[in-house]
Structure formats: structure tokens, C-alpha cells
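Participant: Each chain, letter by letter, is given below.
2 protein chains.
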Amino acid sequence: MNELTIFSPATIANISCGFDVLGLALDTVGDEMTIRKVSQKGVRITKIIGQNLPKETHKNVAGVAALALLAEIESNFGFEIEIDKRIKPGSGIGSSAASSAGAVWAINELLGKPFNPLDLVRFAMEGERLASGVAHADNVAPALFGGFTLVRSYEPLDIIKINTPSELFATVIHPQIEIKTSDARNILKTTVPLKDAIKQWGNVGGLISGLYTNDYELIGRSLEDYIIEPIRSILIPAFDKVKEESINTGALGCGISGSGPSIFALSKGKEIATKVAETMKLVYDKVGIEYDIHVSKVNTKGIKILEIK
Amino acid sequence: MNELTIFSPATIANISCGFDVLGLALDTVGDEMTIRKVSQKGVRITKIIGQNLPKETHKNVAGVAALALLAEIESNFGFEIEIDKRIKPGSGIGSSAASSAGAVWAINELLGKPFNPLDLVRFAMEGERLASGVAHADNVAPALFGGFTLVRSYEPLDIIKINTPSELFATVIHPQIEIKTSDARNILKTTVPLKDAIKQWGNVGGLISGLYTNDYELIGRSLEDYIIEPIRSILIPAFDKVKEESINTGALGCGISGSGPSIFALSKGKEIATKVAETMKLVYDKVGIEYDIHVSKVNTKGIKILEIK
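Residue numbers (my numbering), protein chains in the order written: chain C, 1048 to 1356; chain R, 1048 to 1356.
Worth flagging that the hints you see were computed from the coordinates, not collected in a lab. Check before you lean on any hint, since a few could be wrong.
Note that the list lumps identical chains together, so a pair holds whenever it fits in one copy or between two copies.
Below, computed lysine-lysine pairings styled on DSBU-like, alpha-carbon distance capped at 30 Å [as the list claims (entries may be wrong)]:
no., residue 1, residue 2
1, Lys-1208, Lys-1344
2, Lys-1135, Lys-1242
3, Lys-1160, Lys-1333
4, Lys-1132, Lys-1348
5, Lys-1356, Lys-1344
6, Lys-1208, Lys-1242
7, Lys-1208, Lys-1348
8, Lys-1208, Lys-1094
9, Lys-1288, Lys-1208
10, Lys-1315, Lys-1208
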């Protein structure tokens, strides 16, 4: 095995009540990457299509993540990375995480799996550090573990893969506007009312419980965010309308994906998720902002191999 | 069936990260109550042994809870309540909740179960309102549902019974000091740092996940409280020492039961829980404060019938 072509999924982080801790992987949106073992040591980004991104290894999130991995192992060969960048940067569905996670996952496969998934998260987080200044794990974790993941703790890093009910689908609308991650973070307050924090962790408990017991109603009731969404949603045109109409259409819940501007809804079954997409389109057609829209089953596997050479 | 004698369990609320939302029921500590159907309408507390508590129906938590139930149903008869009060008031292990929950549970049985467990929580909460001024549910819920319970929301009231791993045991030490619930509440800050709140809900997610997957290590790692315990523990003599030594002895985690002064530890298996009790005793023998100590399996059933007449 000298070359792998993989699908590395887009991800939704900050799932409502689970700000900074809960994420999930998508199945129909993601980057395609080819990683090739070559005799020349080091890491080279040999091709990027789809987006205009730096090919210098140290300036590319996939390159930086790959170097973090290779810094912890002796390797007699190097790696070339080709990226078909299908997730738009700045979309709020883990564009940098997909490339970072994909690179380290494939290199680990080509090296005979010397590292465990938690190590891979750690390496991929270096790509996130390059992209946003913060080495967060809430997108790379679901990309690497699949399904729903909980980042319970950073010190030490502790990631839990949560059960994913089989009929859970996500609808994601990506309005073509830019929200800087730094702005989305600076707008937040550094303290929160204790009573709201209590409601929030009650809902985290409810959401995790609903995921383990396949209780879609409970999942829906728990998809509430008392702390972040009321503040950040003002940056996203028609957020409240999209949310209200999505839930009226049958979505279990609706919230901000990552730090926005994408909005996600979760639904039971593809049929409702597709109707929710139609609803979201109608709202945004009126607003007059261009958008991409995705309907995807929650991807319980994470990164997938498309071709082996 | 005209008379029921029941065991109504003590409970641990505010389980570490799960302040105000997570509770569990004990198995070897609780009140014994006899509830009798009589021709005279209304509710009468006919006997209380073990503690000096008011027998006037409107001043007794069991009486008030029973009246809340009877206010919602036509009944051609009344009820007498006898209480063998084995849980000391002010202990922090749900003394008032046991009596309130026991009364409404038994009356519901004698009436042929017209109400569901969520209704019974609602009625029992009126007893809590009398006891503490706040109609909280985090003790009455585990007493009525058994096992671990999550109070996800109050409006509407939403209570989730969480899976309980079969080898989970609690050790509880009750130092014979008084902490007023109002003091324990007033000492808390009304706002908390967002970064601590995030750690807290990460741990709630980890704890619930560990309970569903019977992952004792994860349960242990998640039994952390960044918000309440650092403040309230200063009211409890030798809290830090008890916690440190309990964990050194093998406990999964340790925290404040309710609003104190009781301290609980959770352990895998009775043997470790018993050793933890010995450790706690040693610490408190040095402190020189009297204490009660309990070792109990987590009670997944809740209230139990001891005798039917």
C-alpha cells in the first residue's frame, strides 16, 4: 500500500447545548485527498484543486498536521498530499479540520497504524491551531472517530465516541457570507449566568442520554442553547426564521454549525431532512443571499478509503 | 390493599458536575413509612418516630405532598401516614424528599396508580418547597424513578432515568454539623466563567456517557465539579482530605452530597466502597466531629414495598 485516496468529512461542532464539546461527522460533504508514500523524506502538498489555498507545507493545515505526526516517529520515507478541497473555508463545517484529519489519518494507515485515534486528534489539532489560532478538537474529533463525539477534557485530552441513532440526518445551509472565527469568539461574554449554565448542562445530559437510547424526541428537546446561540445568531441573517421554519417542518432541532455562518438542523429520517432543506432554501431565497445546502446522514465511520494503490 | 409499608430512599443530589440536575437513589438508607386508606377524607400524620418533626399536615412535607396529589383527584376516602424517620433532616441526603416522595408514591398505589412518575415528582416537589422554599426535583426524582436521574428541565418538567451500572456503590459520610441550605445557596456566585461552564458540561456529557456504557473509568474522570464544589467545600471540615484519601483508596470520584454537609464517593464494587468508608472514618476521627456513615449500592428501583395489608 503506497497510496490512499480518502474522503474526509465535513463536521458540525458546537452542537447547540454542547458548545466547544460536542460535534458530529457528515457523510455527503467532505474533502477528497490522495496521500502518497515517496522516497523523499518530509511532507509536500503537490496539488490543491477547488480552493485557492497555500501549498507551502508550513502554511497548509494538512501539511502542519502531517509534520506534527512525523515529528513523533522515525520514517525512512516522506509523503505527498493532493487535496480536492470540496468544503469551503469559513463555512463553519470544519473545512480545515477535514484536511488536517485526513492527512494524519492516511499517513497513519500508510505507516501501518502506529498511532491511535486520540494521537491523530492531537496531530490534527495542530492544523486547527494554524487555521484559527486555537488548537481545538471539536471538528477533528468527529472527523477521526465518526458519529457524535464529546471532547470531555483537553488536559488531558479525552474524547468519547457517543452512540449515533441510525436514522439521524443533518441538513446544513451555508449562507455565502463571511464571519471571522475571531469575531464570533470575541462577541461572546466571558462569564455566564449560573442559572443558564445549569440549563445548558441539563440539556447536554439530555442530548447524550437521547443519543444512547435512540430517543429522538429527547434529542430534539435537548437541542437548546441558552448561552451562545442568542449572541452569535445575530451575525447570521434570518437565523431565527430558518430555525422556526425548520422545526415547524419537522426538524428535531436547529442551531449554529461551528461558529457559523452555516446553520444545521437534525431530523429523524432522510425525508424530513430533505423537506427541511426545502424550507431553508425558501427562507434564504427571500433573504436574497446565495447559499449551499447539504442533506447528510450522520456519518458513524468518519474518514473513508476511496481507493488503495 | 388498604395499607402499605414502604422504604423510601435517601438520595444524593448535585452529583459533582451535575449540580441541580443529576441525582441518585441509595439502597440501605431511607425512611420507612406506613400509609393507610381510611374513611375520613383528607390527610393525617398519625405517628412520627426517630425525629422531632411537625405532625400538622400543612407543616409536614409528606402531608403537603399528599395534599398536592389529592387536590388533583376525587377520592372518597382519606389517608393516614406514619413515618419512621431514619434520615436525619439537614444531612444533605434528601431527608425531606424521602418523606414527600414516599407519601405520594404510596397514595398513588392505594388509589390504583392514577398518576405517572412525573406527576408524582410534581406533587413531591411541594414537600420540597415547604422544606427549603424551593420546589426542586433533584432528590424526589431519584427517589421516585430509582437509579440515576437527570432533571433536564423544569419548564416543562422533564426527567430522564439514566442507566445505572450494576457494580456502582456509594459511600456517604454525614458529619454532624449544620449547614443551612440557604447559606449553601447564598455563598454561590450568580455568574460563572464560560470556560469553567464548558468544562462542567463536558463532564456532564462524560458522566452520562459512562453511565450508559458501564465505563467506570470514564465515570470517575467525569466526577469533577469546577463551579460549586470549590466554593461550598469550605463549609465542610476536612472535605479536601476526605476526597483525596477516598480517591487514593480507590473511589472513582468524590463530592458534596446535595448542599452538604454529607460527602459522597462512588466506587466500583462493595469492597472498595467499604474501604472508602474506613478511610473517611479515619479522617473524621482525627477531625473530632461526630458522623454517620453509609455504604450502599445505587438503588435502581427507588421506593420499595415492605408490607401490604
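Participant: Which of the stated hints cannot be reconciled with the structure, identified by number in ascending sequence?
Facilitator: 3, 8 and 9
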